[in-house]
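Asker: Sequence:
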Amino acid sequence: MHQQYIKYSFQRLVLCLILIILTACTASQPKNTGDICDIFREKEDWYEYTQNTYDKWGVPIHVQMAIIHQESRFVADAQPPRPWLLGFIPWFRNSSAYGYPQAQDGTWDWYIDDAGSWWADREDFEDSSDFVGWYCDVSHRTLGISKWNTRKQYFAYHEGHGGYKRKSYLKKRWLIKTASKVERQAKLFNQQLKGCKAELDSSGGFFW
Numbered sequence: 014m015h016q017q018y019i020k021y022s023f024q025r026l027v028l029c030l031i032l033i034i035l036t037a038c039t040a041s042q043p044k045n046t047g048d049i050c051d052i053f054r055e056k057e058d059w060y061e062y063t064q065n066t067y068d069k070w071g072v073p074i075h076v077q078m079a080i081i082h083q084e085s086r087f088v089a090d091a092q093p094p095r096p097w098l099l100g101f102i103p104w105f106r107n108s109s110a111y112g113y114p115q116a117q118d119g120t121w122d123w124y125i126d127d128a129g130s131w132w133a134d135r136e137d138f139e140d141s142s143d144f145v146g147w148y149c150d151v152s153h154r155t156l157g158i159s160k161w162n163t164r165k166q167y168f169a170y171h172e173g174h175g176g177y178k179r180k181s182y183l184k185k186r187w188l189i190k191t192a193s194k195v196e197r198q199a200k201l202f203n204q205q206l207k208g209c210k211a212e213l214d215s216s217g218g219f220f221w
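According to this note's numbering, the sequence shown is numbered sequentially starting from 14.
In case anyone wonders, no lab produced these hints; they're calculated from the structure.
Treat the hints with care, since some could be wrong.
Restraint-style ranges between C-beta atoms, simulated for each label pair [stated by the list, open to error]:
1) N45 with D68: 34 to 40 Å
2) K190 with E61: 19 to 25 Å
3) S109 with A40: 15 to 21 Å
4) R154 with D122: 30 to 36 Å
5) Q117 with R186: 20 to 26 Å
6) E61 with D127: 20 to 26 Å
7) I189 with S159: 29 to 35 Å
8) S215 with G175: 40 to 46 Å
9) K184 with R154: 23 to 29 Å
10) R186 with D127: 29 to 35 Å
11) S130 with K180: 19 to 25 Å
12) L188 with C209: 30 to 36 Å
13) S216 with Q42: 18 to 24 Å
For each residue, glycine too, the CB sits at the ideal point set by N, CA and C.
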């Protein structure tokens, strides 16, 4: 029994080390975050992941990518800035938002319970794309927001469904400007994607 436990622990350790190595190799930020074609060429499987999300949830690729672009600039372990107490003491962050989608702990747990898998990770782009698709689908079903309406989807994404119903975003001029910026980014991504979609489809999203 003791030997089996040691063997199991060793296997888990090896698996964890492999995952750490793979994450270190694949989690770097894309070099050109403003061009969706360059992103998909560099990140070989991201196009497939976002296409799977579109097939599953009906949320267009350019909408998914524009939201993630705004939230994290495609940085896997992105977090809100840490405030400093008295100007020199690092303090607790004001939000639990984390990863590519900047999903907060409670919302991420909701996603896992409702649609995700127990091993889903906010630092994993595939899971993050699926999360964004799931959340936008919930916004569509509960709030009637079109999955193609990036601006309204972003309002619901940022403020939560309750905040969107209360129209809390109307009191935040900076957020209105940000949502418009996300909308413009989505339109740009959509236009760019039209120019390379045939290339991506023919290669299966992989470039060697």
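Asker: Take the hints in turn and mark each one as holding or not.
Answerer: To see whether the hints hold, each was checked on the structure:
no. : hint                       : in the structure
1   : N45 with D68: 34 to 40 Å   : 26 Å, violated
2   : K190 with E61: 19 to 25 Å  : 33 Å, violated
3   : S109 with A40: 15 to 21 Å  : 20 Å, holds
4   : R154 with D122: 30 to 36 Å : 19 Å, violated
5   : Q117 with R186: 20 to 26 Å : 23 Å, holds
6   : E61 with D127: 20 to 26 Å  : 23 Å, holds
7   : I189 with S159: 29 to 35 Å : 18 Å, violated
8   : S215 with G175: 40 to 46 Å : 44 Å, holds
9   : K184 with R154: 23 to 29 Å : 26 Å, holds
10  : R186 with D127: 29 to 35 Å : 33 Å, holds
11  : S130 with K180: 19 to 25 Å : 34 Å, violated
12  : L188 with C209: 30 to 36 Å : 31 Å, holds
13  : S216 with Q42: 18 to 24 Å  : 22 Å, holds
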